[in-house]
Amino acid sequence: MIVTKNLKKSFGDHMVLNGINETIEKGEKVVVIGPSGSGKSTFLRCLNLLEMPTDGEIWFEGSNITDKKADINLIRRKMGMVFQQFNLFPHLSVKENITLAPVKLGVLTKEEADVRAMELLKRIGLTEKADAYPNQLSGGQKQRIAIIRALAMNPDVMLFDEPTSALDPEMVGEVLDLMAQLADEGMTMVVVTHEMRFAKKVATRILFIDEGEIVEQNTPDKFFDQPEHPRLKEFLSKIL
Amino acid sequence: MKQIGLWIENVYQSYYDALISNNRYLAYLDGLKVTLLISFFAIILGTVIGVVVAIIKVTAINYKIKWLSSICNVYINVIRGTPLMVQLLIIYNVIFTSRNTNEIFVGAVCFGINSGAYVSEIIRAGIESIDRGQMEAGRSLGLNYMQTMRLIIVPQAIKNILPALGNEFITLIKETSVAGVIAANDLLQQAQYVGSRTWVVLPPLMIAAVCYLIMVMGLTKLLAVFERRLARGDRH
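Chains as they are written, first to last, in my numbering: chain A, 1 to 240; chain B, 1 to 236.
Do not take every clue at face value.
Said to hold, decoys possible - PhoX-like mimics (lysine-lysine), calculated; alpha carbons at most 20 Å apart, straight line:
| # | chain 1 | residue 1 | chain 2 | residue 2 |
| --- | --- | --- | --- | --- |
| 1 | A | K238 | A | K200 |
| 2 | B | K64 | A | K68 |
| 3 | B | K64 | A | K69 |
Derived by calculation from the structure, the hints in this document are not laboratory data.
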């Protein structure tokens, strides 16, 4: 579904991604972990071109999206993204946050979008917040609404950029639960996170990125129980 | 006691002469009209220029119009780096050389060009004060750059822009008092004219000052109403 070929990204002289070749299949739940500054967020942000790769190609659903002729706005409709800082639109109500993009892009009519928004809100148990504004919500509520805002576009893949890192500890669970539900339903997911328990439970594959390269990847069991690369061993010994 | 009575009578007489005798209040009204017309059209022109320049400067990174952005920078630097009265005289003498020019029109153009530079910086700063994540969130949903600007960034930026813009308009109204140098008969010119007739300078100036004060206070009220309306989203 997503293929990166020799993906490179540098900011000035600073090389952040040093040639990443990776294939993510439909239905996979790929968790990306690594030390801070390793390039894992940059990797994720390159996938929907929030960061323009310096070199290499990214293919999504059979087309080269790094090609100059590719319409990135159309492609992004199919790639939902969830941010560390939620990035809800503070001047719009919760419902408007969810319906804005589908309606303005002509994917759904206003009525359809309203119905869809209420369905999604019902699913996360926040229907009563439909007319509230983002700054009336807790962090966990904001992030769950950010997730369903992305879902309202019916994406084929969801990208999560450290979705629980800005949350108070007691709110992490509700967000991870929603993500686990999505995973169960078969959503293709790429998740950058520090939540190792989530990675163990939900991931089909874990990538360890360090210094701009995928150093090791494996199934969750093997990844945690039989790490091979010394840098991964060192990383795991620090966090577990 | 008698002296105080005499003084009050004197003051009353001088203000009576400055305002009522020979229908002199008509002179102030004429001046007020000129000041208001120059201010009004200058605000409109300044806002139009400011919005255009701000859009060019903000979007220049995304499109290949760097040279346009450079022109805008020159404009802003020149206007902000030279005194208003010098600009006024230069524009009046160089561009509008014909003797039959309409001073209100010239004034509005001069003050509008001047104000545009400040307005553009106010708008640019307002747009750039919005968190980068808002643009990223909009783009990640598939909205294009302009849609994200229009639907997400600008509506939030307006709340930051409006108070500073109000200040700029207030400054502009007061600055039109130098329009006399291009022979416009604005409020201050008319007040000085009355002073030259009555031989008492202070009362007409005080009257002019009160007029400016009332105009500015009116504008302040108006802006406060706008701001309150825009702030509704924040109060929750």
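Review point. Are B/K64 and A/K68 close enough, with their CA atoms no more than 20 Å apart?
Key: holds, 15 Å
**Study point:** Restraint check for B/K64 with A/K69, where alpha carbons must lie at most 20 Å apart
**Key:** The hint holds at about 17 Å.
**Study point:** Given pair status - A/K200, A/K238, alpha carbons within 20 Å
**Key:** holds, 17 Å
Checked against the numbered hints given earlier, this structure breaks none of them.
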